[in-house]
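Protein chains in written order, with our numbering: chain A, -7 to 530; chain B, 5 to 319.
Hints were generated in silico from the structure; no laboratory data involved.
A hint or two may mislead.
As the list claims (entries may be wrong) - Quick list of in silico lysine-lysine cross-link-like pairs, DSBU-like style, CA-CA up to 35 Å: (1) Lys219(A) with Lys224(B); (2) Lys59(B) with Lys508(A); (3) Lys447(A) with Lys224(B).
What the hints assert, rightly or not - Among the chain B residues that face chain A by a calculated CB cut under 8 Å, a handful are: (4) Val41; (5) Gly44; (6) Glu49; (7) Gln54; (8) Gln55; (9) Ile56; (10) Arg84; (11) Ser146; (12) Asn149; (13) Leu151; (14) Leu162; (15) Thr171; (16) Asn174; (17) Val260; (18) Gln264; (19) Tyr280.
Claimed, not checked - With beta-carbon atoms standing in for the labels, derived distance ranges: (20) Leu180(B) with Ser507(A): 44 to 52 Å; (21) Asp64(B) with His125(A): 34 to 42 Å; (22) Asp63(B) with Pro302(A): 30 to 38 Å; (23) Arg57(B) with Ser155(A): 15 to 23 Å.
Beta carbons: idealized from backbone N, C-alpha and C, even for Gly.
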Amino acid sequence: MKRFFEQASSDLDALVKDFRGGAVSRREFIRRGAALGFMVSSLAAIAAAPAAAQGAVKRGGKSIWSLPGNPVGINPIESPGGLTRDTIYDTVYESLFRYDKDFNLVPALAVKHENPNPTTWRFHLRQGVKFHHGRELDSEDIVFWHKNLFDPDIIAPHKTYFSNVKEVVALDKYTVEFRLSDPLGPLLRNFGQLFGASILPRDWRDAVPDLNLHAVGTGPFKVKEFKPPSHIIYARHEDYWDDPLPYLDEVFLRILPDEETRIGGLRTGSLQYANLTPDGSRRLAGNKNVQVVRTRSSLVYTHMFNTRKPPFDDVRVRKAIDRAIDREAVIEKVAAGEGMLTGPVPTGMGKFYIPANELPYKRDLDEARSLLAAAGYPNGFEATVITRTTIPQNIQCSVIMAEQVRPLGIKLNIEQLEGGVFSARSKAHDFNLMANIWSPRVDPDAYFGRTFLHKSNSNWMGWGYPEFDKLIFEARMHADEDKRVPLYRRIQEQIMDEVPVIWWYQANIIEGLSSKLKGYWGSYLGRRPGMKETWLDA
Amino acid sequence: MTQYIVRRLLLLVPVLIGASLVIFLLLRLLPGDVSDVIMGTDDVELEVQQQIREKLGLDDPLHVQYGKWFWGILQGDLGRSMRTEAPVMTMIIERLPITFEIALMCIVVSTVIAVPLGVVSAFFPNSWLDTFARVFAMIGLSVPNFLVATLLILFTSLYLQWYTEPTWVNPFVDPLGSLKQMILPIIALSTHMMAIITRMMRSSLLEVLRQDYIRTGRSKGLGEGSLITVHALKNAFIPVLTVIGLQLGNLLAGTVIIEQIFALPGVGWLLLHGVYQRDYTVIQGTVLFITVMYALVNLAVDLLYSYLDPRIRYR
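With the rest of the complex left out, here is chain A:
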């Protein structure tokens, strides 16, 4: 429905432009304008029916939400951490495209695009989009975005998502042309992902002193105040392009790392939103003042083998571990059922994933023993697993894994490390197994194009080879998703056959909301784009 309205808006813009340019007569303008207006108003009434069914949408009000951690800084380009992304992407900053509630890629700041040849993309910007400081977005801001991202003085860890973009040229006030060095199939999806893709005004320095503690974007909310590690306050962006959104006047986000405090807040009503663990959500079951929203996300828990050294340099040993573990048991015990089996590409990521019932996971201890014996470890071995103290799911997966492989004579020593120590050990490849968490992404190239390129710094496993890299590059270059799907199928099958990584499960995002909050929807990416459609039924 939203896509229809966006298209109608674009058609209306085109009609006005044609009339002003003399391409259309006054009579024709009135005729076509009336037809558009009638269709839009009819469908608006139909679209409003579901909202009317849950009560009329109420605009206004202040709501108090919580964040599970401190984002530290909110620079959309230079602060790449997960907490920063979840806090500001989609709410404060936007890009040319975005993902809707059904995880469809839809226009955001760009309403139309063309791909005349594999290395050229043309984007037509939405007209009338205002930044938080009041100026309208135009094509020079997109040119600035590119220059800023690749400025040697700017630290932009996510610029690699756009490293094929050689040049961005403004063709007119609302049209930009991207000229690529090589084809880049996931370009549009990368905009929707927002990593390094947030659009800033070129004159942001006139509006705010810095971007660590302040923000200037086009999103539905402005940052009124950011006081780490206490809180961040959003205020409605009155000139937001997607009128009449957002509905809330203000959202006060308290930084509350302790879940008990968040649960207490939901119970008493001092909080209206909180991220919850499976256990936390169960404790709120039956509370009529709280509703729990569960959304499948692309957040995945993994263990990575260090294939640079024994014993996991031998694929038979890795396969033996793979045959010995029981992923369903982990989903039950660690995630309390709030998860599902996954392959290298999480379920729900376009057409790229392998359905859970086609995954080649089977537990077979006899086969595991044979593999170990063939590899020269008939009596097992000892190995180290490193995990972070701040991710309990990684620790729990490691503990269960250690129990599941014990019958093979394998002893896993689990080391729980503080974040900085974990980073240092992982970069020094000082581990046998590394428990990790794959933060939500939108395109398989985000995983394979980084973690599986055999010389990549993010290739913790030390696994891969040039021929496999070629497959990844080939899959990356097609804009047509149907051409990429079979290539990613081959990539995933090859990876699962050699087991450099164990994919435990893909987790649900669980969010607790006050029953007074309506309209919210959870995101596959674990962010909060649904905040703009949320309203307070106080």
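Got chain A sorted already, so can you dock chain B onto it with the hints?
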């Protein structure tokens, strides 16, 4: 006395230099730095990481890094956060009111309850009052304060539907609101402190009550009330004062876990996040601040000794 105070304050200088050197070097021994934390384990580009290290001066020789930072301290500048670029001094000052409020309220509540309890317990040994005081002290010492904090949140949210304010309430602006906000963290922190003070007061007073001068006072016909308040309490209070001073120092250093649980952004939480983020300037600045607080509290305690016991004189 003035000379003594001036001498103690001047002694702070070598203490601060020593503390700054120790914390600077210890931090560099920790595995990982802020560039590792920023890059995480998602998309690691060594070139970008190197850019971060160069921008923050992490590749400079250690003596250069220390010299730059120390030169800033001499000018009253504790540097800027490596993550947010906010001035460290500003970050500490913003959090001081919260930490001071928690510390002072905790000390006052603990002292007001524990000292009389300890006195009564010592004065009526083996009575039900004494038994109550000793059991109370044992529980306070055994139960960790984070467990008390969690139980309090659970109880007040489940049964009292207690609403909490989203930001710190200034006690000078809204005293009742501030009390409501602080009462749970104060209870959580005070249980342990009260236990220590009660036990110390009890044992110290019992020791003093056995002294000859107390027996002399009784034989001269002094009432028990004036014997305690005029003669015994002051002497018995000296070790208790030492304990209170140490506890106050700990509280001013920030009670990390309690601040985290109750979302009170005090100095402790600033230090903890600094460590997680490997934000060297924040950690260094905060540790120096805590060192100064400890030194000043110790000086205040030493000066109070001479008030309590006129035999103690400082030159």
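Tell me if Leu151(B) is really an interface residue toward chain A, meaning its C-beta lies closer than 8 Å to one of theirs. With Cβ-Cβ at 11 Å, over 8 Å, it is violated.
Hint validation: Thr171(B) versus chain A, beta carbon distance must be below 8 Å. Holds or violated? Holds: closest Cβ of chain A sits about 6 Å from Thr171(B), inside 8 Å.
Outcome for the supplied range 30 to 38 Å, where the beta carbon pair is Asp63(B) and Pro302(A): holds (34 Å)
Check whether the Cα positions of Lys59(B) and Lys508(A) lie no farther apart than 35 Å. violated (47 Å)
Cut-off 8 Å, beta-carbon criterion: hint that Glu49(B) touches chain A: holds (6 Å)
Closer than 8 Å between Cβ atoms is the bar; does Val41(B) clear it against chain A? Give me holds or violated. holds (6 Å)
Would the stated hint for Val260(B) survive a check requiring a Cβ distance to chain A of less than 8 Å? With a minimum Cβ separation of about 11 Å from chain A (threshold 8 Å), the hint on Val260(B) is violated.
Given Gln264(B) as an interface hint, is the shortest Cβ-Cβ distance to chain A below 8 Å? holds (6 Å)
Measuring from the C-beta of Leu162(B) to each C-beta in chain A, is the shortest one below 8 Å? With Cβ-Cβ at 7 Å, under 8 Å, it holds.
Between Lys219(A) and Lys224(B), does the CA-CA distance stay at or below 35 Å? violated (64 Å)
Taking 15 to 23 Å as the stated bounds, is the beta-carbon spacing between Arg57(B) and Ser155(A) within them? holds (21 Å)
Using the nearest Cβ pair, does Gln54(B) come within less than 8 Å of chain A? Violated, because the Cβ-Cβ distance from Gln54(B) to chain A comes to roughly 10 Å (cut-off 8 Å).
Violated hints for the displayed structure, listed by number in ascending order: 1, 2, 3, 7, 10, 11, 12, 13, 16, 17 and 20.
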